[in-house]
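Please arrange chain C on chain D, whose structure you already have, making use of the hints.
Now for the letters of each chain:
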Amino acid sequence: MNNKQFEPNTGKPYVHPYLGGVLLGLVLFLAFFLTGNGLGASGGLNRIIVYIQDLIVPGHIDQTPYLLKMAGGELNPLNHWIVFMLLGTIAGGLISGWLHGRLKIETNKGPRISTKQRWLLAFIGGSFMGYGARFARGCTSGQALSGGAVLSAGSWAFMFAVFAGAYALAYFLRKTWN
Amino acid sequence: MAPFPFEQWLGPGSYIIYFIIGILFGAVLEMSGFAKSTKLAAQFYFKDLTVLKVMFTAIITAMLLIFLTSALELLDYDLIWVNPTYLWPGIVGGLIMGVGFIIGGFCPGTSIVALATLKIDGLFFALGTMFGIFVFGETVQRFQNFWNSSFYGRVNLPELFGLPTGIVVLLVLFMALFMFRGGEHLERIYGNKNLKKEPKTRYIGAGIMISIAVVILLLGQPTIEDKWEWIAEEKQPLLQNRNVHLHPGEWLEIYYDDSRKLVTLDLRDERDFNLFHLKDARHIDINDLAPVSSWIAKLPANAVIVTVSNNEKNAVKAWKILMAQKIPNVYILAGGINNWLRTFAEKREKVHPNKKWDEALPYEFDKALGSRHPLSEPSEKWLEKLEYEQKVELVKKVRRQGGCG
Numbered sequence: 001m002n003n004k005q006f007e008p009n010t011g012k013p014y015v016h017p018y019l020g021g022v023l024l025g026l027v028l029f030l031a032f033f034l035t036g037n038g039l040g041a042s043g044g045l046n047r048i049i050v051y052i053q054d055l056i057v058p059g060h061i062d063q064t065p066y067l068l069k070m071a072g073g074e075l076n077p078l079n080h081w082i083v084f085m086l087l088g089t090i091a092g093g094l095i096s097g098w099l100h101g102r103l104k105i106e107t108n109k110g111p112r113i114s115t116k117q118r119w120l121l122a123f124i125g126g127s128f129m130g131y132g133a134r135f136a137r138g139c140t141s142g143q144a145l146s147g148g149a150v151l152s153a154g155s156w157a158f159m160f161a162v163f164a165g166a167y168a169l170a171y172f173l174r175k176t177w178n
Numbered sequence: 179m180a181p182f183p184f185e186q187w188l189g190p191g192s193y194i195i196y197f198i199i200g201i202l203f204g205a206v207l208e209m210s211g212f213a214k215s216t217k218l219a220a221q222f223y224f225k226d227l228t229v230l231k232v233m234f235t236a237i238i239t240a241m242l243l244i245f246l247t248s249a250l251e252l253l254d255y256d257l258i259w260v261n262p263t264y265l266w267p268g269i270v271g272g273l274i275m276g277v278g279f280i281i282g283g284f285c286p287g288t289s290i291v292a293l294a295t296l297k298i299d300g301l302f303f304a305l306g307t308m309f310g311i312f313v314f315g316e317t318v319q320r321f322q323n324f325w326n327s328s329f330y331g332r333v334n335l336p337e338l339f340g341l342p343t344g345i346v347v348l349l350v351l352f353m354a355l356f357m358f359r360g361g362e363h364l365e366r367i368y369g370n371k372n373l374k375k376e377p378k379t380r381y382i383g384a385g386i387m388i389s390i391a392v393v394i395l396l397l398g399q400p401t402i403e404d405k406w407e408w409i410a411e412e413k414q415p416l417l418q419n420r421n422v423h424l425h426p427g428e429w430l431e432i433y434y435d436d437s438r439k440l441v442t443l444d445l446r447d448e449r450d451f452n453l454f455h456l457k458d459a460r461h462i463d464i465n466d467l468a469p470v471s472s473w474i475a476k477l478p479a480n481a482v483i484v485t486v487s488n489n490e491k492n493a494v495k496a497w498k499i500l501m502a503q504k505i506p507n508v509y510i511l512a513g514g515i516n517n518w519l520r521t522f523a524e525k526r527e528k529v530h531p532n533k534k535w536d537e538a539l540p541y542e543f544d545k546a547l548g549s550r551h552p553l554s555e556p557s558e559k560w561l562e563k564l565e566y567e568q569k570v571e572l573v574k575k576v577r578r579q580g581g582c583g
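Chains D and C supply the protein sequences, listed in that same order.
Mapping of the first sequence onto our numbering: residues 1 to 178, in sequence order.
Mapping of the second sequence onto our numbering: residues 179 to 583, in sequence order.
Just so you know, these hints were derived from the structure itself, not from any lab.
Glycine is no exception: its CB is placed at the ideal position from the N, C-alpha and C atoms.
Treat the hints loosely; a few may be bogus.
No more than 20 angstroms apart at the CA atoms, straight line, and that leaves these computed lysine to any residue pairs for SDA-like [stated by the list, open to error]:
| id | chain 1 | residue 1 | chain 2 | residue 2 |
| --- | --- | --- | --- | --- |
| 1 | D | K4 | C | K375 |
| 2 | C | K374 | D | H16 |
| 3 | D | K116 | C | L296 |
| 4 | D | K116 | D | L19 |
| 5 | C | K375 | D | K104 |
| 6 | C | K375 | D | Q5 |
| 7 | C | K378 | D | V15 |
| 8 | C | K504 | D | K175 |
| 9 | C | K378 | D | L19 |
| 10 | D | K4 | C | E362 |
| 11 | D | K69 | C | F339 |
| 12 | D | K175 | C | F224 |
| 13 | D | K104 | C | L296 |
| 14 | D | K4 | C | L364 |
| 15 | D | K69 | C | L416 |
| 16 | D | K4 | D | V15 |
| 17 | C | K439 | C | N370 |
| 18 | D | K4 | C | N465 |
| 19 | D | K4 | C | N326 |
| 20 | D | K4 | C | F224 |
| 21 | D | K69 | C | F312 |
| 22 | C | K504 | C | L416 |
| 23 | C | K504 | C | N465 |
| 24 | C | K491 | C | V422 |
| 25 | D | K4 | C | Y368 |
Part of the chain D face toward chain C, derived, beta carbon under 7 angstroms [claimed, not checked]:
| id | residue |
| --- | --- |
| 26 | P58 |
| 27 | G59 |
| 28 | Y167 |
Just chain D, same shape as in the assembly:
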């Protein structure tokens, strides 16, 4: 706890990572124990996207098998628990940020890039992330955390692939972050 760079810009300090991890583990266990499902995030975003597509070009949905499962015919893509978990996640982040004085309009970036460059990179990185998350059938929450805890073989292979992909490219992006 002696490097300011990793502390919040405003408000109270973050909890210790091990404590945060135990709390996150308890939430994850609670999700499994109460619902049988783990946690997830990208699935909710997926359904919002499909909902918008369904509003604009409903005919297109009915011709694409992948989208059909979520929004074909009378199906409402938003009528799914993952969407409510996503709304809860937004609310939870907002409440915690507000209680701890960390609610602030800002852009976190490395010192050597401009704010606009950071926004562009965030969008590009997000695109890769979204594409990869659907490719892998789950994001960090739905595959790595949830699948890891129940010892799914594929989720562990996936988890190491995520770290491998990020570490492999980290050197080339060092100017972005340091």
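Okay, now just chain C, sitting in the frame of chain D:
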């Protein structure tokens, strides 16, 4: 036992539970500093390993509690969602996500929390994520085959390594503790962190976790017999009242019904199977039913599984094993192959005079014809001649649908 599937009691109101879990999820992510992209990215320069610590502490905490409650018979592991393994699509997708992580500084969940706390970079990342999801939905058909390849179904690490669950839990825990130790040293070297200032309570925490893992190992996970005991009270009457015993005629009916997929599991020894078996039946050893083969676990929802033996004894055993693992729509061929032959065989003289019906295969076969034997696939006309009571009622899969659907 754990309260799910609680949707049955609460209906649409059950979404409130997911909403509350979401609130806790978002709050914990925010409290851990996951709304700050520079903190997350520092993971990959060894300066601040919060990502590794939070993630793996969460995984081992949840893992210990899941397998502890499972060992104590409070939670049924067969009923919870275990991500199915699509090995190569998972690895390729993971690599793409890793690239996205280091370029954009978030993952989907953390970007949501970042935008909730008004971080503009989180907003752009979340928009990018939605764009990437959109592009995937539009392009997946071009590589559908690869995307559905290397599918191993619901396979977990203990099954993969052939080790008891308790041992794997202990190994995963030690691996995580080892990574934490290594991570702390990396932070000391690259992030100038003073390890002496780290709380000593973390050693107590590690000690508690190791103790729980040892308890899990000593208790062991429920066996198939235990799992059958949980449901015996409810399912035994089905056997006694013969509610799950399929008349050969109903087998034939489903065979000719395109809306249902008939899966016949033949449990007899290979010799009998080669002599004669029902059309499209699969020969399977009863020991291969627990844990259930992945191809059975991933059958579509309209599949009707029928267990077959010469009489009924082994078929009933297999039925119990599959029921104990929550496989839906499993039935028993009433009277087995013997009753089948008795029903359809017209030339009675071919029946061996010295053998009784309840013994193995009293019917005389000149050649080992397998399913090329005419009685293997009686014609549809038989349906008019036979009288029977229909037993099959398709139920939806009871297993969970999972997190990122």
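>> To test your reading of the hints: which numbers does this structure violate?
In response: Violated hints: 4, 5, 8, 11, 15, 17, 18, 19, 26, 27; rest satisfied.
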